Each structure stands twice: as C-alpha cells, then as structure tokens.
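Based on the provided sequences and hints, a complete structural model is requested.
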Amino acid sequence: MDRLTKEQRHRNMAAIRGKDTKPEILVRKFLFSRGFRYRLNHPRLPGHPDLVLRKYRTVIFVNGCFWHGHENCKYFRLPKTNIDFWSN
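Numbering (our numbering), first residue to last: 617 to 704.
Take these hints with a grain of salt, some might be off.
Unchecked claim - Cut-off 25 Å, straight-line C-alpha distance, at most; resulting in silico cross-link-like pairs (BS3-like, lysine-lysine):
#1 K622 / K671
#2 K645 / K671
#3 K622 / K696
#4 K696 / K638
#5 K645 / K635
#6 K635 / K671
#7 K690 / K635
These are computed hints drawn from the structure, not numbers from a lab.
Small disclaimer: the values here were computed from a predicted structure and weren't measured.
Next up, the structure:
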C-alpha cells in the first residue's frame with residue numbers, strides 16, 4: 617500500500633509538471649537557436665503535441681523515460697518500491 621495519505625499523494629502528483637519540463641525546454645532552445653519557430657502545446661491537434669512547427673507541418677512530442685519506458689532506453693528504471701504496481 618501507499619505510504620502517503622491520499623492528501624499527500626494528491627499534492628505530490630499535482631506538483632508533477634506536464635509542460636515546460638527540462639527536456640522540453642532544451643529542445644525548444646535548440647530549435648529556436650537554429651531559427652525554427654513553433655507553437656506550444658496545441659490543444660486542437662490529436663495528442664496535444666509539445667511543439668508544432670506549422671511552416672513544416674510537423675509536430676514534436678518530448679516523451680520522458682520514466683513514464684514511457686522506451687525499449688532499450690538506458691535511463692529507464694522501474695521504481696524499487698511498490699514493484700507489483702509498476703510492473704503491470
């Protein structure tokens with residue numbers, strides 16, 4: 617079971633950002649420095665892409681290793697607590 621109360625867990629989960637994460641900002645700075653202009657988190661497109669390059673009709677999703685666990689990703693690690701929950 618969870619070691620935190622429902623209220624504590626709610627506070628922790630609410631603090632996890634869905635926008636302006638460090639990897640996303642790094643990608644944005646790189647693109648901007650190369651002259652690319654983009655829109656952020658476009659709500660009308662399927663999946664709400666992180667970046668939209670309208671001129672090139674291209675979208676970019678910046679997916680984190682923790683939540684997505686990409687195959688052969690050297691950064692992904694299952695948490696050591698609550699193993700049954702995370703392995704399903």
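Hints and how they fare:
1. K622 / K671: Violated, because 45 Å separates the two Cα atoms, which is more than 25 Å.
2. K645 / K671: holds (18 Å)
3. K622 / K696: holds (21 Å)
4. K696 / K638: holds (24 Å)
5. K645 / K635: Holds - the C-alpha atoms of K635 and K645 are around 15 Å apart, at most 25 Å.
6. K635 / K671: holds (22 Å)
7. K690 / K635: holds (23 Å)
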